[in-house]
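Each protein sequence line maps, in turn, to chains A and B. Counted from 1, the first sequence has number 243 at position 243 by this note's numbering; the numbering is strictly sequential. When you read off a place in the second sequence, starting at 1, and then add 1000, the result is the number in this note's numbering.
Quick caveat, the hints were computed from the structure, so don't treat them as lab data. You can trust all of the hints, since none of them are fake.
Not everything, but these chain A residues come out facing chain B in the computed CB check (under 10 Å):
1. GLU207
2. ALA209
3. ALA210
4. PHE212
5. ARG215
6. SER220
7. ALA223
8. ALA224
9. ILE226
10. VAL227
11. GLY228
12. VAL230
13. ASP231
14. VAL235
Just so you know, these numbers come straight off a predicted model, no measurement behind them. For each residue, glycine too, the CB sits at the ideal point set by N, CA and C.
The residues making up each chain are set out below.
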Amino acid sequence: MNARSAGIGAVVTVGIVLTVLMALWWLSPTHNAGAVVVAFWNGSLGTRSAFFSGTLVRAVPLTLVGAGLCVAFRAGVFNIGGEGQLAIGAVAATVVGLEHSLGPLHVVAALAAGAVGGALWAGVAAVLKRRFGVLEVISTIMLNFVATNLVAYLVRGPLQEAKRVYPQTELIAVSARLARLAPGSRLHWGVLLAVTACVVAWWFLRETAAGFRVRVVGASPSAAAIVGRVDVRRVAAGALVVSGALAGLAGGVEVTGVTYALYENISPGYGFSAIAVAILAGQRPLLVPLSALLFATLETGALGMQRDAGVPSVVASALEAVVILATLLLGSGLLRKPAAVAQPQ
Amino acid sequence: MTGADPGESVALDLRGISKRFGEVAALTDVGLVVRRGSVHALLGENGAGKSTLMRVAMGLVAPDAGTISVSGIPAPQLTVRSASRAGLGMVHQHLSLAESLTALENVALGGVGLYRPRRVAERLRSVAAASGLDVPLDVPARDLSLAQRQHLEILKALAADARVLILDEPTAVLAPAEIRDLLLWVRGFAARGGSVVVVTHKLREALSVADDITVLRRGRTTLRGLAAGNTEASLARAIFPDATTGSSTSVAAPGEEVVVAERVSLVNEQGTVRIREASFVIRRHEIVGIAAVDGAGQHELLGALGALSPPVSGSLRLPPRVVVVPSDRHRDGIVLSMTLAENVALRGVGMARGRIAWRQVHQRARLLIQRFGISAASERVLASTLSGGNQQRLVVASAMEESVDFVVADNPTRGLDLNATAFVHEQLRIAAAGGAAVVVFSSDVDEVLALATRVLVVFHGTVREAGLDRDRIGSLMLGAA
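Build the full structure now, drawing on both the sequences and the hints.
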């Protein structure tokens, strides 16, 4: 980010923060700004359970989807369909998780199914783009609607729990659940999976020929084709599928690590928040966990404000929307020109 | 030379015009005198300075030196508006109409104040009637034929009281019958006291329509005179004057056939046929020059030779190791936002597998920087920090790093200074000497001749062998032979 856009960013951010704080103070029933801040702190970072069972758990899907979006954005592919890919991944993981006799690899199979489901869902957009030139921005958004409505149908129809009362599936088999990292905490092994995914994405983009192709296609498609002899459309489609696989994996992790069942609203917009996560991280996978943690903190903090300080939930989502818009504003330059990655000697 | 006395009889007088763009002298001490009631043909190759000179006349480009006077009145600081007010009107080669607006609305676009359709229509009808150009006024521009659009552009200029019309390559898009009509109209306009400058590279047209002719070459005037005193041959000589030396490439004995094209047809992105059934052979050690005027099909030919787009019919045999030196290096040659080392890794990365050995890439990049004399602080700086010449050195260096079978260079020295140009030429010769076949296109015929051991001329979709005879190349390029 150059000095000018950084300056604009600073001014905009300060303005937004001041506005939001004033709005919060005004909206809080007690008109007590201190209580609002305390509620935010306690809801997100202030207590052990809030951090480990709330914020960190929430950061996991954001990290996974964000890591995939780094790959897509680096290839110049604007995948807006993380939400739908995550949902389909959750469906696939649930279907596998509901099986009873898969043995010790059950959870691996469920997660793999999630990744494949997300990849296939993104693959639809990839085929539409390669074959018919349909813009991925449009097709992935549309596929989000299809996916969320498909989930809504499944949990009321073929996959509904046996008593047919709640719009959700049966709980998945115990063997298909991700282990908790510590007793008494909701934090599960998915957090390590998420960090690993970021490291792998970083390594892929930096070290491998395929990853370099992704970066070149995003930076200059025609030079990639003419000098690099790169099949630009294929690389772009591949990057889209890879980001879909990671979003699907995030859906699988949510089912196997957090919810143990498929619900209608299994994702509170992870797929959209992850776009801001990836942009804030400057499309650098290694920065994605930090960026995801920031957004998870905002979300759990906002929930805390609603619970403890009576700040309405609409303010919570408005706050997040403002942060995402500000991030997009600041990141618009970054999205077009990814920072050059320093190479090892 | 005729009619140089400034006064009532001169409609447009440009004197001593010079203009530099960075390192490139686009115009050097150029003059153009357009007599009232005459047609003046301005001839020259691509890049000779014709368009720049006309843009100077229209107030679109401010010259570094020189004087302009319109109808005998000096116009020291010509702007777009004052040029138009002085009675100058230009019809650009690429017509600039608003597609969804009607002819009437297109004409009204340039107006000021309120838009009163009836008034514009009245004015336009009277102008159209006086000029004899007939265009339906209530039809959207996109539904007009190319000839009608051109007429509309002329009407636009006339509605603004243009007395001197500049037509840039007016016949490039027209069918033969339409060309005849247009040229007749041009003569008529001059007979009624108007003046027309026709910018063209078609010799026959220039001779048939013009009273006076000016030829530009590399930004200098090489011929000024009456059309009556000239022939196609004399004009061709002025456009491509004799070089001081012929090809400076020593002709090594050609080796085995590397590229074999048999009845190859090529289309552009829109699917229009641009090359029809071309057959030729290119051998090792040869440097084959491609000569062509703009849009003759050379772009598609180079794309196919560079293995970037396959032919739609016929057979084209290419060797395994083909490298391309593209003409637009910023877009096609390098990635500006990446380091020099990354740009070195870019070459052929489409075929690479597994990991990239960055350590070795950096070593190779350092070596290339040294060996090819690229001035850069290190291989870690971004390509965007290099000068244009050094960027092209980088492109050529990475292309020539390993031995290749076939080099396709598309205008490889465009915009380069003398040093960088010499470097590129030297590298192409080294590649040929080392056993590669080389194809080089340049919009500068002199450059083609300086490099080539053989020349292929592309004209209107046909590819013809032309040897190294400058006159023959020139006339083939212009379709005169």
